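There are 2 protein chains.
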Amino acid sequence: MLANFTVTEEQRRAIPVIGDPEPDVLLRLDLFYAAVGVAIEERSGLLISRTLEISDEGIGRVLFTTRRLVVLSKTLRDAHRFGFNTLGKCAKTGTKLVKDAIKSIEAYPDVARA
Amino acid sequence: MLANFTVTEEQRRAIPVIGDPEPDVLLRLDLFYAAVGVAIEERSGLLISRTLEISDEGIGRVLFTTRRLVVLSKTLRDAHRFGFNTLGKCAKTGTKLVKDAIKSIEAYPDVARA
Chain A
1 MLANFTVTEE
11 QRRAIPVIGD
21 PEPDVLLRLD
31 LFYAAVGVAI
41 EERSGLLISR
51 TLEISDEGIG
61 RVLFTTRRLV
71 VLSKTLRDAH
81 RFGFNTLGKC
91 AKTGTKLVKD
101 AIKSIEAYPD
111 VARA
Chain B
1 MLANFTVTEE
11 QRRAIPVIGD
21 PEPDVLLRLD
31 LFYAAVGVAI
41 EERSGLLISR
51 TLEISDEGIG
61 RVLFTTRRLV
71 VLSKTLRDAH
81 RFGFNTLGKC
91 AKTGTKLVKD
101 AIKSIEAYPD
111 VARA
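From first to last, the protein sequence lines stand for chains A and B.
For the first sequence, the tail end lands on 114 under the numbering used here, and the numbers increase by one without skipping.
For the second sequence, the tail end lands on 114 under the numbering used here, and the numbers increase by one without skipping.
Hint data in this document are derived by calculation from the structure and do not stem from the laboratory.
Being a predicted model, the structure only gives us computed values, none of them experimental.
Check the hints yourself; a few may be wrong.
As the list makes no split between identical chains, a pair holds if one copy fits it or if it spans any two.
[To be verified] Restricting the straight-line Cα-Cα distance to at most 30 Å, the calculated cross-link-like pairs of lysine-lysine (DSS-like) are:
hint	residue 1	residue 2
1	Lys89	Lys99
2	Lys96	Lys74
3	Lys103	Lys74
One chain only, chain A, in its complex shape:
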C-alpha cells in the first residue's frame, strides 16, 4: 500500500502526460492530501475543508480552508506523475505542508474561527 506512494525517476519519465491522469494516481494524490488534512485537524483542533480541482491536463489546486481562512493552498502540476522518490520524502513533504498550515492558523487565529 505505502509502496504505491513511491515513484522512481525512471517510472515517472515513463508516464505520458497527455490524456486523463490514471485513476489510481489520482486516488493516491487524494489520499496524500486527505492525510495532510487530517493531520492539520489533529494539530489545530479545527475542522478543515479540502477542495481539490484537477484538470484533464493534470493541473489544478488543492485548498484547505477553515471558516474564512485559507489554511493551505497548493498548485498541482503534473498530477499524472504524482508520487515521491522515497517514503521519507513523502513524509517530509506532508510534514512541511502541515507545519505551513499550522503557521497560518496561528497568524490569523480570529479568521480561522470567524
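For this one, chain A is given, so just place chain B on it according to the hints.
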C-alpha cells in the same frame, strides 16, 4: 445564449440526478461562477482565485479566495439541475453572491491582502 441559464420547474424535474452531470450544464454552472468571480474582481480590485469541485453525484463546492481570505464559499447540490427559473433570478443570485464576497473582503481587508 442567456436563455440557456433558465430552466423551468418542469424541465428541472425531467433531468435525472443519477449519473454524470451533462457537460453543457456544467459549462453553464462554470460560466455563472466565472462571471461572479469577474464581478468580485471588478468591485474589489483584487485578484480572485476560483476553485470548483463537483462529484459525479452533482455535489460539490465553489470557493473564491484571495491571498489568505476565503471570499466566498458555496456548497453545490444538484449540479445536474443547475439553472434559474428566470433571468431576473439569475442576475439577483449573482448580485447577492458578489455583495456577500465584497462584505467579507471589507471585514478582513488585511487577510485579503496578506
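Hint by hint, here is what the structure shows:
Taking identical chains as interchangeable, the C-alpha atoms of lysine 89 and lysine 99 lie at most 30 Å apart only when both belong to the same chain, with a minimum of 15 Å there against 44 Å between chains. When the C-alpha separation of lysine 96 and lysine 74 is checked against a cutoff of 30 Å, the pair qualifies both within a copy, at 12 Å, and between copies, at 29 Å. Taking the shortest Cα distances, lysine 103 and lysine 74 sit within 30 Å of each other both inside one copy (15 Å) and across copies (26 Å).
Hint violations for this structure: none, all hints satisfied.
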